[in-house]
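Could you put together the complete structure from these sequences and hints?
Protein chains in written order, with my numbering: chain A, 1 to 372; chain B, 373 to 642.
Mixed in with the good hints there might be a few duds.
[What the hints assert, rightly or not] Restraint ranges, calculated between C-beta atoms of paired labels, are given here:
{"no.": "1", "chain 1": "B", "residue 1": "Trp-450", "chain 2": "A", "residue 2": "Leu-306", "range": "36 to 44 Å"}
{"no.": "2", "chain 1": "A", "residue 1": "Leu-11", "chain 2": "B", "residue 2": "Gln-536", "range": "56 to 64 Å"}
{"no.": "3", "chain 1": "A", "residue 1": "Glu-66", "chain 2": "B", "residue 2": "Ala-553", "range": "53 to 61 Å"}
{"no.": "4", "chain 1": "B", "residue 1": "Asp-534", "chain 2": "A", "residue 2": "Trp-265", "range": "47 to 55 Å"}
{"no.": "5", "chain 1": "B", "residue 1": "Leu-633", "chain 2": "A", "residue 2": "Leu-11", "range": "44 to 52 Å"}
Hints are computed from structural coordinates only; laboratory data are not their basis. Because the structure is a prediction, the values reported are computed rather than measured. Built from N, CA and C at the ideal position, the CB exists for glycine as well.
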Amino acid sequence: MTLEFAARAQLGDFSYDARFEAGNEIVVLFGHSGAGKSLTLQLIAGLLQPDEGRIAIGGEPVFDSESGLNLPPQTRRIGYVVQDLALFPHMTVAENVEFGMTGEGRERRLAEVLDLMHLGEFRDRKPRSLSGGQQQRAALARALAREASLLLLDEPFSALDESLRVELRRELIRLRSELDLSVIFVTHDLREAHLVADRLAVFDAGRLLQFDGRERVFRAPANRRVAELTGVANILRGRVAAARDGILTVEAGGASLRAPTPNGWRPGQGEAVDIAIRAERVNLRRLDADDPGQPNLVRGTIREELGYGATHTLRFESALGETVEVEIAARPYEVLGVAGQKSWTLELPPEDLHVMAVSSEAAGSSASATTA
Amino acid sequence: MTALRARAPQAGLALLIAVFAVFFVLPFAGLFERGIGGSGTWDAITSNTALDALALSLWTSAVALVIAVVAGTPVAYWLTHARFPGKGAVEALIDLPIVLPPTIAGVALLTAFGRKGLLGAPLDDWFGLTLGFSTVAVIMAQLFVGAPFYVRAARAGFASVDAQYERVAHTLGASRLRAFARIVLPLSWPSLAAGAALCWARALGELGATLIFAGNLQGETQTMPLAILSAFERADGLTAAVALAILLLAVALVALAAFWLLSTRGRGTV
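Printed below as a string of structure tokens:
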């Protein structure tokens, strides 16, 4: 199963523009609320109509503004689980699941789906008598019973506590491979996105900023905004001093940083760039005489400290001119004796630095998404 | 705190409740006291006038109810979901007969559908069709005053059904009609039933509009309320009026009880 999606829409003040595709995988649509994630699902499902674009499910177009094609939701073969589940309250679990079934062997398939979702014993119960996790599974079962191979899930685990989330995520990953599904999964939870995504589509204010493999999005965000959205704590503004042998030298504040040249992009000398490094990638070193002047080593003083138990977040005032956030696990925190020492050398390893072009926020549209 | 506040005016409140209850119960007591005590009650109940009026009342109000439901349901559903300028005015217009004195409704109907009315005159001229002072006029009067109760309740019922259910039903392959029949109708059933009961009760009790627009002809336009009025206006007609009133009351109670049973059973499966 494949999904090809390209749509442009103007809804009042909100303008939407996105283009991506999905194969047999879990594509996570990630972004803050109001970024256009749920809207994307509604466009795929046919509950909303884009102004322009083309949507094809399994190679079959369901919307095409050029030819005027627009299939109604009931003829697009998708399984859609909305955020509030919307289980029909007057029907039992079995009746809910059966609602979208067609054709022969319904009784047998009903039993199969209920079994698959571990709902057999609840088949005659009304939704309101089920727990949150059971309701979630019932909604998923109802969507699966359509035998749709494209599944749209809108924040499906948002109402659940952590242990249920873990279980259902595992379930989803199992279903995806067992049933040969394409899954479009909406979430605003970064950890959840990381856990389930094969590929990640980062949305912001109606734009798809980056669409890429999960690791690529996290390691090589397309621009400053994607880096911010995906939880990169440190985004430094710098200027290219030299570019040689695949290594960039960037001046940031009073320090010099070396970083690999990003793929498919060759910044010129003197060009302004953004440099991203995650808080957990910055290393702490004890002050050392030969540190100053060495690339990727910067003096810093702790200005603020937050203890989370398993980790500590330290905010440094540094020679980079900007606050540098460092996340350090509890064990090294104790071994290094961070509690009793304010001044440190910060090491920003070249392989963990990601250099990005400076772009106006809005310019990070599908064009930069495809080059990323 | 709240318990204390609730207890303080207990004596006063009890008195108020008692007076209020007496005010509502006493008229019924009077009706039955007069009906059972008076001679000729049974004769009046079994008279041709009474039976004709009862039959007419029952079948005309039933027809009015069926029309109200068949036409009112789609209108109410459309009004719930449609967005257009002047929607508030349309809704107010539909609700208007609820607050309108029935005599005004009767006069209004006459000016529209009567022999010299807006539509009545051409109908009479071209087809020789007269609506006023016929059984059709009885049904029209009942529909006019009763249907708004149904439409109003249906609108509230449809609005209470989360639109998300219908949207999800569409994504599950359901057509609009199937989504309506399987989702909207069962979920709004209590409101629809209550609206239908109100509509029917209002049609059954219709007097003013019927009198003006349909007249008071035994067997043709004389419904039970009109028969009671006619009986009352005769010299020494109170006995017959009481008897007819008891008959209508009993029928209405039985019908509403049956209706209530049906609708709560419907709700049970919801």
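Hint check results:
1. B/Trp-450 to A/Leu-306: 36 to 44 Å: 57 Å, violated
2. A/Leu-11 to B/Gln-536: 56 to 64 Å: Cβ of A/Leu-11 to Cβ of B/Gln-536: about 18 Å, so the range 56 to 64 Å is violated.
3. A/Glu-66 to B/Ala-553: 53 to 61 Å: 36 Å, violated
4. B/Asp-534 to A/Trp-265: 47 to 55 Å: Holds: the Cβ-Cβ distance is about 48 Å, inside 47 to 55 Å.
5. B/Leu-633 to A/Leu-11: 44 to 52 Å: Once the Cβ atoms are compared, 48 Å apart, the range 44 to 52 Å for A/Leu-11 and B/Leu-633 holds.
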